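Be aware that the sequence shown starts at 1, since it is given in UniProt numbering, and climbs by one per residue.
It is worth saying that the hints were derived from the structure and are not from the lab. A portion of the hints provided could be inaccurate.
[Said to hold, decoys possible] Within a straight-line C-alpha distance of at most 27 Å, the following computed BS3-like cross-link-like pairs (lysine-lysine) qualify:
id, residue 1, residue 2
1, 178, 64
2, 64, 102
3, 55, 42
4, 61, 95
5, 38, 142
6, 142, 47
7, 10, 83
8, 47, 24
9, 81, 42
10, 69, 55
11, 178, 42
12, 38, 55
13, 24, 38
14, 142, 69
15, 102, 61
Keep in mind that this is a model prediction, so the values were computed, not measured.
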Amino acid sequence: MAQRYIIYIKDTPLFLIQPDDLPKDTILFSVNEDNITKEIEKILEEKSTQSLVLKSDSPEKALKNLMEKLCYIEAAGGLVKNKNEEYLFIYRLNKWDLPKGKLEKKESIIECAVREVEEECGITINSVSHELPSTFHIYKLKGELVLKRTYWFAMNYNGNQQLVPQTEEDIAEVRWLKKEQFNMVIENTYPAIKSLIKDI
Numbered sequence: 001m002a003q004r005y006i007i008y009i010k011d012t013p014l015f016l017i018q019p020d021d022l023p024k025d026t027i028l029f030s031v032n033e034d035n036i037t038k039e040i041e042k043i044l045e046e047k048s049t050q051s052l053v054l055k056s057d058s059p060e061k062a063l064k065n066l067m068e069k070l071c072y073i074e075a076a077g078g079l080v081k082n083k084n085e086e087y088l089f090i091y092r093l094n095k096w097d098l099p100k101g102k103l104e105k106k107e108s109i110i111e112c113a114v115r116e117v118e119e120e121c122g123i124t125i126n127s128v129s130h131e132l133p134s135t136f137h138i139y140k141l142k143g144e145l146v147l148k149r150t151y152w153f154a155m156n157y158n159g160n161q162q163l164v165p166q167t168e169e170d171i172a173e174v175r176w177l178k179k180e181q182f183n184m185v186i187e188n189t190y191p192a193i194k195s196l197i198k199d200i
């Protein structure tokens, strides 16, 4: 499969893809290195909801260029499974989400992912099994465009601790959900989270 990245601006995707890898049946507005920030701003200001595409022979290079152009932040989180085949979700700011947070200085990506899950949910992770695909999104913070990459890891939990939502991070609820309950999440979550859990 050709290399590609999808970066979400609110719920609108920006595709970084090779010219021959255009998504079918999707109306896309083509952007380039010169006008990309202007088009991102339009979406953030709700003047447009049109999906964007940046065609490049090297999507990875296009992503690196965007990282240099915008304020780049790294975060990490986890998709945690317990011994009952249930998955851990948080309810924050009226949406279902997965526990995650920003990378701290002198911290590895995996350390960050485990720490954030433990802090936000009040449990102790037993093991990290493998890395999942990263997600990307763009938002505005203090007038500056921010590109955030979130690294995700599949994690295992075997304990019986009571879930404790980290309320100072606006987390209202932490809950174990079975796969059959994922529809509730999919109906009220972010596109990046949908793409992450769709293959479970």
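Do the hints match the structure? See the list:
1. 178 x 64: Since the Cα atoms of residue 178 and residue 64 sit roughly 37 Å apart, the hinted pair is violated (cutoff 27 Å).
2. 64 x 102: Between residue 64 and residue 102 the Cα gap is close to 19 Å, so the pair holds against 27 Å.
3. 55 x 42: holds (19 Å)
4. 61 x 95: violated (33 Å)
5. 38 x 142: Holds. Residue 38 to residue 142 sits at ~17 Å (cutoff 27 Å).
6. 142 x 47: holds (20 Å)
7. 10 x 83: Violated: residue 10 and residue 83 sit about 34 Å apart, past 27 Å.
8. 47 x 24: At roughly 25 Å apart (the allowed maximum being 27 Å), residue 24 and residue 47 satisfy the hint.
9. 81 x 42: Violated. Residue 81 to residue 42 sits at ~39 Å, over the 27 Å cutoff.
10. 69 x 55: Holds, because 17 Å separates the two Cα atoms, which is no more than 27 Å.
11. 178 x 42: violated (38 Å)
12. 38 x 55: Between residue 38 and residue 55 the Cα gap is close to 17 Å, so the pair holds against 27 Å.
13. 24 x 38: holds (25 Å)
14. 142 x 69: holds (16 Å)
15. 102 x 61: holds (24 Å)
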